[in-house]
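Below are the chains, spelled out letter by letter.
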Amino acid sequence: MRRTITPSGIVGAVLIATLMLIGAMWQPLDPHAVDLQATLQPPSFDHWLGTDHLGRDVASRLLAGAQPSLLAILIVLISSLGIGLAAGIAICFGPPGLSAFLRWLAETALALPTLISALLLSALFGAGLVAISAALIASTWAPYALSMAALLERLRSEAYWQASLALGSDTLGAVRRHLIPNAWPMMGALAGADAGRAVILVASLGFLGLSADTGRPEWGAMIHEYRIFLFSEPQLVLAPVFTTALVALVLNRALDRGHRAG
Amino acid sequence: MTHLAAARFVGITGVSWLAAVAASFLLIRLVPGDPVEVFISHVNIRATDELIAAYRAQWGLDESLPVQFILWLQGFLSLDWGVSFETGAPVSGELFQRLGWSAAIGMGGILTALLLGSALGFFASIKAGGLADNVSRAMAVAGQALPAFAVGVVALWVLAAELRWIQPFAGGTVERLVLPTALVAFFSIGSVSRLVRAGFAETTQAPYLRTARAKGLPFRLAVWRHGRRRAAIGLLAGIAPDLAWIVGGTAIAEIVFGVPGLSERVIDAVAARDYPVLQAYIALVAFWIILGLQLCSAMRKALDPRPSSAVAKA
Numbered sequence: 001m002r003r004t005i006t007p008s009g010i011v012g013a014v015l016i017a018t019l020m021l022i023g024a025m026w027q028p029l030d031p032h033a034v035d036l037q038a039t040l041q042p043p044s045f046d047h048w049l050g051t052d053h054l055g056r057d058v059a060s061r062l063l064a065g066a067q068p069s070l071l072a073i074l075i076v077l078i079s080s081l082g083i084g085l086a087a088g089i090a091i092c093f094g095p096p097g098l099s100a101f102l103r104w105l106a107e108t109a110l111a112l113p114t115l116i117s118a119l120l121l122s123a124l125f126g127a128g129l130v131a132i133s134a135a136l137i138a139s140t141w142a143p144y145a146l147s148m149a150a151l152l153e154r155l156r157s158e159a160y161w162q163a164s165l166a167l168g169s170d171t172l173g174a175v176r177r178h179l180i181p182n183a184w185p186m187m188g189a190l191a192g193a194d195a196g197r198a199v200i201l202v203a204s205l206g207f208l209g210l211s212a213d214t215g216r217p218e219w220g221a222m223i224h225e226y227r228i229f230l231f232s233e234p235q236l237v238l239a240p241v242f243t244t245a246l247v248a249l250v251l252n253r254a255l256d257r258g259h260r261a262g
Numbered sequence: 001m002t003h004l005a006a007a008r009f010v011g012i013t014g015v016s017w018l019a020a021v022a023a024s025f026l027l028i029r030l031v032p033g034d035p036v037e038v039f040i041s042h043v044n045i046r047a048t049d050e051l052i053a054a055y056r057a058q059w060g061l062d063e064s065l066p067v068q069f070i071l072w073l074q075g076f077l078s079l080d081w082g083v084s085f086e087t088g089a090p091v092s093g094e095l096f097q098r099l100g101w102s103a104a105i106g107m108g109g110i111l112t113a114l115l116l117g118s119a120l121g122f123f124a125s126i127k128a129g130g131l132a133d134n135v136s137r138a139m140a141v142a143g144q145a146l147p148a149f150a151v152g153v154v155a156l157w158v159l160a161a162e163l164r165w166i167q168p169f170a171g172g173t174v175e176r177l178v179l180p181t182a183l184v185a186f187f188s189i190g191s192v193s194r195l196v197r198a199g200f201a202e203t204t205q206a207p208y209l210r211t212a213r214a215k216g217l218p219f220r221l222a223v224w225r226h227g228r229r230r231a232a233i234g235l236l237a238g239i240a241p242d243l244a245w246i247v248g249g250t251a252i253a254e255i256v257f258g259v260p261g262l263s264e265r266v267i268d269a270v271a272a273r274d275y276p277v278l279q280a281y282i283a284l285v286a287f288w289i290i291l292g293l294q295l296c297s298a299m300r301k302a303l304d305p306r307p308s309s310a311v312a313k314a
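Protein sequences appear in the order of chains A and B. Per this note's numbering: the first sequence ends with 262, consecutive numbering throughout. Per this note's numbering: the second sequence ends with 314, consecutive numbering throughout.
Looking from chain B toward chain A, a few residues come up when the C-beta cut is under 7 Å (computed):
1) A150
2) A240
3) P241
4) A244
5) I255
6) V285
In short, the hints are calculated from the structure, not lab data. Bear in mind that the values here come from a model prediction, so they are computed numbers and not experimental data. The beta-carbon is built from N, C-alpha and C at its ideal position, and this holds for glycine as well.
Working from the sequences, and respecting the hints, build out all of it.
See the structure below:
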């Protein structure tokens, strides 16, 4: 299991995240403004990517569509890092029963079909960020927990770890001083993969026609809405398709390997 | 011993399936919103209290939760999956018609991925950094980093609009079976090939391979003969995320290519909170994943000559 961060990967991921943040807060035109005099316009200086069937500016909608993805990334990363860290420490230092149970739970969680869980949670809680984040967290915490536990196992035999304990440090203190700095590269790599997964899952649900609010711009929902124009105005569909693919790919490439959204 | 293993296999599969189904059953029942009221609001009739009570009795909703679950389980096992809130038709009939499409795409997808991915992984291990190795790595990256619907939509656009090779949504076999299967397989080939490659690559470094070469076996044949068991074990150990992927991937593929499979119906059911349909779908998905995981682990145990205590340590 090689999981490392590459400098170019980090630069790309930071760049994309910044662009998404800007897009979520600022758009050249109102993404909701309907203009029935100017429907299905080709790209021009006023409308960088043209307009859709209601005359709305596609570029502004794409930029505004970064917001739900960005929110999902934040929620998922913070929760799965926290849960994964706690579970990893519990697997390593907890009583054998708890440790075995958590390990089993983590391995089971890897086999959860994320998209299907998100679908079913949408039925229960309504389509939206709650369902998407819950479905993602249900499976994303597991790799953090398992790799955290593996890292701890390895650390335990290191001389500096034992020296730290011999000097009177308690386990949590040693975890904070020696495990966390050691874990950063791997955590960062996993986080990149999960950010990519979050983007893909948000867009996949939108594509299936289950976004929270069809009026609000979201990449998957745009593809769902515009798909009837695939053969007449392909740029309407391809713009959000390539945006989603590019963002997911760049975020994911901050790392070497991980797991797939689906 | 074989009987014991078979009984254990059936027992674990059954218990895990029951646990998954019971958990989802409970979750659905705990969410606010009475199924009868959801149904009444769908069919748009003015309901008297008697009518509501009659429906509650008919669907067994006036029983306690454990009794409801046992009633549902009896129904599910005897292929009576209840009545759709949305259409009023029996769920089993509706889903059976569609199950064939989804099963064909899902099974076809994973079999294709296993065949092509194993071949790719084998050749990738022969020469590290060679063509097959690079293709395998690129497929693995694409498989985890690209959205399936994006690849599907672009493929549909290129094949139907630009090349005009297919008639979109015309209902031919190519559009409804071949392309969706290829889409599902595309996203698994990479990860399968990396797992297989890792198994064979370990063998190429092993001392017994040098011995086999010294005896005069050609390199590829030696790697294949001595590495295939290890590669198969590695593949079976790492395939779990792909089993889960197949379900979601089939859903995306069906929607992209307009296949009348399970997913279309399930998405409607999600939007309409059609719980009997969702409950049956959960039971089917849970069965597929749990059976798949158990089969993989059973095959792995059968293939692995080491005792399981030694495997756990390794």
